[in-house]
Structures are given as C-alpha cells and as structure tokens.
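S.K.: Chains as they are written, first to last, in our numbering: chain S, 1438 to 1828; chain Z, 1438 to 1828.
Take the hints with a grain of salt, since some may be wrong.
Note that the list lumps identical chains together, so a pair holds whenever it fits in one copy or between two copies.
[Claimed, not checked] Straight line, CA to CA, 27 Å or less: simulated DSS-like cross-link-like pairs of lysine-lysine: (1) Lys-1541 / Lys-1753; (2) Lys-1577 / Lys-1527; (3) Lys-1541 / Lys-1577.
Hint data in this document are derived by calculation from the structure and do not stem from the laboratory.
The lines below spell out each chain.
2 protein chains.
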Amino acid sequence: MTISKGPQAFPRTEYERRLAAVKSEMGKRDIEALIVSDASNITYLTGYTANSGYVPQGLVVSLDEEEPTFILRRQDAPAAIHQTFMQRSKIIGYPEALIGNPDKDGYDAVIDCLSDMGSATRGIGLELRGMSAEAAEKFKARLPNARIVDCTNAVTWIRLVKSDLEISVMREAASISDAAIMRAAEVIRPGVREADAIAEIMGTLVRGANGKPGTTRVPNISLCSSPRTGTPHISWSEDVFRDGSQINLELGGMRHGYCAGIMRTFLIGAPSDRLRRLHEAEIAGLEAALGVVRPGSTCSDVANAFYRVIEKHGFKKDSRCGYAHGIGWLEPTASLKDGDMTELKPNMTFHLMLGNWMDEDFGYVLSETFRVTGSGVEVLTSAPRKLFELS
Amino acid sequence: MTISKGPQAFPRTEYERRLAAVKSEMGKRDIEALIVSDASNITYLTGYTANSGYVPQGLVVSLDEEEPTFILRRQDAPAAIHQTFMQRSKIIGYPEALIGNPDKDGYDAVIDCLSDMGSATRGIGLELRGMSAEAAEKFKARLPNARIVDCTNAVTWIRLVKSDLEISVMREAASISDAAIMRAAEVIRPGVREADAIAEIMGTLVRGANGKPGTTRVPNISLCSSPRTGTPHISWSEDVFRDGSQINLELGGMRHGYCAGIMRTFLIGAPSDRLRRLHEAEIAGLEAALGVVRPGSTCSDVANAFYRVIEKHGFKKDSRCGYAHGIGWLEPTASLKDGDMTELKPNMTFHLMLGNWMDEDFGYVLSETFRVTGSGVEVLTSAPRKLFELS
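Work out the full structure, taking the sequences as your base and the hints as a guide.
M.R.: Right, here's the structure in full:
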C-alpha cells in the first residue's frame, strides 16, 4: 500500500549541502520560509523530476526544519515519496477538489501549510518573477501579516556552482550528447525524412551512453535545415534532407534532470565559401573564448574573446555567447555576454552557445558545455569540433 | 537573404475563421487589442510552433487590422515568417539587447508596438492568469491610459470547438498514438530497460503513421511501472521491466501542435484479481461515459456516467475524468468532472482520462481522445481497449 524509495541520484549529504546554502541565503535576506515553485529548483533541492508542474505546487524551505516540505497534487505525491530524499511526512498531497476549480487551487494548500508551520506572520520568500500574477496576488492577499520578499533566482544563483557529484552527472549527460551528434552524422542523408533522423537521434538521447540511459525528462532537440538555418528553435519539419541541405542541430543528453547542450552544423555536400569561412571564424572564436575561462575571469571576458576573434574574421554575432547550464537547460542567471560581470568560479557550468543566425535564411551553429576548473576549463562535450560534411 | 513560406498545415481561410471568432469575442469584451502570450493560442491563431516561448513574445490581435502582429525575439522571426500565414511585415523581431537584461525585456517591445498601433489608450486584453506577475505589472505601468481587461482563456474557449480541418489533423495524431501503443506492446519485455522501450515508442511517435510524421514538438510521454503505478507523471525510470511488472503508459501523437492522448495498462504476466476487476469496471465506465456524449449533454453528465458505473463495481476515482484537448495537450477550459456544466457541442474534443491512482503503489490507466459529433461521439484513438498481457 505504500511506495518505496527509489534509487537516488545523489546521497542525502548532497541535498543537505544544497539546503544549507539556501538557508544561509535566506538568513541574509531575513526570511524564515522560502516557497520554491520553479520546477528545476525543486529538482535541485529534492531530486523530484516528475512532470507535475503544470498545476500549482510548492516546496517550503523553513529555517526551523531540516528537510523541506513539498506540497503537490495528491496523485503526484507517490512520485515525490519515491524520488526525493525526504521522509514521507514531508510530502503533502492536496486534494483533487483544487484542480480545475475557479475558487481555490494548489497554492491555497501551500498557504495553509505555511500557516500550519507558524510562518504566516514572518518573512516569506517567493520566486515572484516566474509566478503568475494571479498566484502572487493570492499569496499577498492570504498572508497579510507576512513580510513577502522577492527571491526570484535566489536558488538558481546557488545552482550555478556545481558540486563534484553534479559535475559527474553532467559528464554522463555530455557523453550522451556526443553519442547523439555521432548518430546524427550517420542518419542524415539525402532523401531521409527529418522525422526519421530525429527518431534515431532521440533514440540515442534516451538509450544513453556507456550503459547510462538518458533519464527522467523528454530531451531538448532542434533541427533547423535549409531553408530554416537562419533560426534556432524549430524542432524539425516534415521535409526530407536534400543534396546541398545544411542542417543545424542543437540537442542535449539528460541525466537526472541535468543537461549538457551541444550544437553542430551538418552539410550534405560541400560547403559554400561563406559557410567555410564562418565555420573557421567560429572555431577560432570558440578556442579564444575557452582560452580565457578560468577563476577570476568574467562572463563578459569570455564573450568578448569570442566576439573579437570573429570580428577579425569579418563576422558578427548579435546574440549572447551562452548561459549558465544545468538542470532543465537554461539557468536564468549569468549570461556569457558583454557587460555581464559575473566572476567565474570553479565548477560553474555553462553552455557556450555560439549559434549565429546571420540572415533570415542562413545561420550556423556550434556549442560546447564547459565547466570552470581550479585553473582553467574542462569542456564536457567532446564530439568532433568540425563542420560535418555528409554525402 | 529572405526566408520562404513553408508548407502550411491549414489554408488562410481557416486562420481567418479563427481570428473572426476572436475578434467577435473582443467586441463583446469591449477591447480593441488582445495580447496573446500563451504558446498554444499563438499556434492556434498563426500556425507558429517553434520553441521560443521561454523568452517574452506576444501576438497582437487588433480590431483595426486583418492579420495579427507577432512580436518575438529577432532570431526567432525567420521561423515565424516561415511557419505562419501572415505577411512578413506582420512579424516584428525585437533586438537581442532585450535578452538577459534586468531593465527591459520583450514585453517592452510588445508595448512599444501597441503604442505604435495607436492602441495604448484603448481597451487592451491580456492573458493575465498565465502571465508572470512582473510582466502584468509592466503592462499596467507602461500603459497607464489603457483599460486593461483580463482575457485569460478567451482564445482557449474558442479553441474548444474544432473545425473539420482541425479534426482531420487530430485523427492523424490519433493514428500515431495508436501506433505507439502497439509498438509498446511489442517492446515491453522482461529484462528490457525502460529507456530502451521509450526510445522505440518515442521513435514511433516521431516517425508517425500512414506516411504522416509526428511533427513540430517533442511528444508527451509518461511510463509509470511497478512500483510507480500509483502516480501518473514520471517520464520513465532507469529500471528494467521484470516478470510481474505492471506498466502504465500515457502518450500522444502530435501533428502541427495538435495531440491525441491515449493511456493503456500493460502487464508482464497475469493480472491480479483486483487489477482485472478494476480493468473491467473502467472499461464499463468508459463505455457508459461515451454513451452519454452528444450535443446537449454536459461535461458533468459524462463524468458522472463513469463514476456511477465504477462505483457499482466497487471502485472510486478521485480525479476528474478528462479535459478539453487539442494544441499542446491540456486546454485549461472545460473539465469532465462533476459540476462542470459546460454543454457539449459538435466538434468539441476531449481527452477522456480515466487514470485511477488508488494507492500509493497501485494505479491503472485507460483513456481515449474523442470528439462530439452531431448526434453522439467519435472516438479518435482506436488501439485495442484491453489490458495488454505480455510475456
């Protein structure tokens, strides 16, 4: 009648370390309770990866309690008991009557729980920027005696510096990413439907690499082929590949919710002079950017190293050069862009995203996932850094 | 240098019909401009399916203009030109300087566009419930002379009744769903890793059926196997299937953003008496529910027909029996639940979702996607309505 704990991706001590960092930040912000509603932050603090975040749910981190309390829809509570490190009494399922109900929803259950914990008159942190206007209003209206503090990205900034255990998991994800790129090089051929190639590439992302399957979430993938190479976010089309087609591929293996993004450009046939020059400029820019990665450099330094080199080659890129990367793809904190003065520290991880969509109908992609080491950089992805010419 | 229009899933007249319905609703609500920010509603009104909604974007429907105006990140504009029915002058790409910028974001570009259109002092509809608190505040602060009206789900309610063209697309999606269920019955075997089965099932969802590939978005899939059958939303685990394992599978084929959900329960070995009785009760309940689907019945009638039958069999289900279904899986409007008095009309489509998570470690799933016809029901999914016993 009760569900067992499943195998855990991380030991309890790892979650204790993460929670200690969050509680220290809560102390600085003078709040006693923090409501975490961002799905990736919930994964980070608990190990939970089920796809239930389309209805309200909240993780309450309290300075008074060692373990956080997770309030979610009753039918999802067994997944939380199974997947997270917490004892079962810390998982509270709210009733179905709160689903599709115009008067009350799951946030009412979170607020009730806060009141039961004696936190309703204290300092309460909310991730306001990601929360709907309606939900934010409800917290304010139903907690009139609380001091509500915007804690958007408070946990997300802590996530930016990974532990060695997290880095291991991201290395596993990166091996899957590499395998999927190599599978793409095998299956992209003239006359093949994009969907048939995607089925194979996605198969590799799910089957994984080195005996470790891709886990727990449907992978991210974009395949933008001629004439769509000037844009980054089309999943795939109903078309077939043709002689002369260029294919821009972005994907990422996933382990326990952690990604490692990679982008490579493929070409059926021989590249144009412009594409080859752009590829050479981007490779040189990538190496220059990686060359300045070390503790003490800033995100801005990394981006500008890239921009300087490709400008020397006669090209420009108008978008940022990447972003903090980990659970759930993009961590909305540090960006590798001009003016972002975030200082690099050991075990920060980034997707160095050098996709360059120059014209409406022409772009090129190249990226790696890296971590900052004690003295420089470790590139986690390792598929050949080339323009894949296929026939 | 310019990108061409891609093949369109629907003719222009179909989008004109949808927009006319939206503009009629805008007239009733006395607003001159509607800002559509929900990704599925944007797909509905334009044909756009790229995955760019993680940064702000907005579709402005104005009573003064035949075509809507789509304001999105510059790098995503070519995808919008390629995928949508609108002329290119209606696609406005905003600059990269608005990405990762603490002071200004893409909603500032949407507001600038509204001002340029002369709408800043008129009635403006927003999908407030899905919009972040920060974004809602920005619209209110930067449009002090506008009358802002909450239009959450205004478009979504219009989507509930499909056209015959949309039904054709959902039939194609349903054929893909059926094929994926049959593929699952082939590949779920003792000793097989869940990830390897998922790779095959997802492969079928992407390759499609009857020569029509799954398109444009990564498919939805959940595989909850013993001991996880008491919960619905785990994607899959790192485990292997074992003799005696029960597997609850939910998935949906996708065509042009439209889904057709289906759930089936699989068992390696012979079912327990309890599981067999529950299966029989659920099948009888499913048939009873489908038996009352016709124009004029309510959502509540359908749900209660199901509840009555399974209670007669000695079971209960505490969650709703389904929801409006179409683009992007769940349409947050009508629910098949007790007390939802939404009246059924021809070409409404629902996911009749009879998943029943009874104990922490025991549940059962069964679902179909149906449409209301002129006199009754058409079930779009057609995989065998059985408990799949595998060996």
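S.K.: Indicate, hint by hint, whether the structure satisfies it.
M.R.: Do the hints match the structure? See the list:
1. For a Cα distance limit of 27 Å, the shortest separation of Lys-1541 from Lys-1753 across copies, 23 Å, qualifies, whereas the shortest one inside one copy, 51 Å, does not.
2. Taking CA atoms no more than 27 Å apart as the test, Lys-1577 paired with Lys-1527 passes inside one copy only; the shortest distance there is 24 Å, against 39 Å between copies.
3. Taking the shortest Cα distances, Lys-1541 and Lys-1577 sit within 27 Å of each other both inside one copy (15 Å) and across copies (25 Å).
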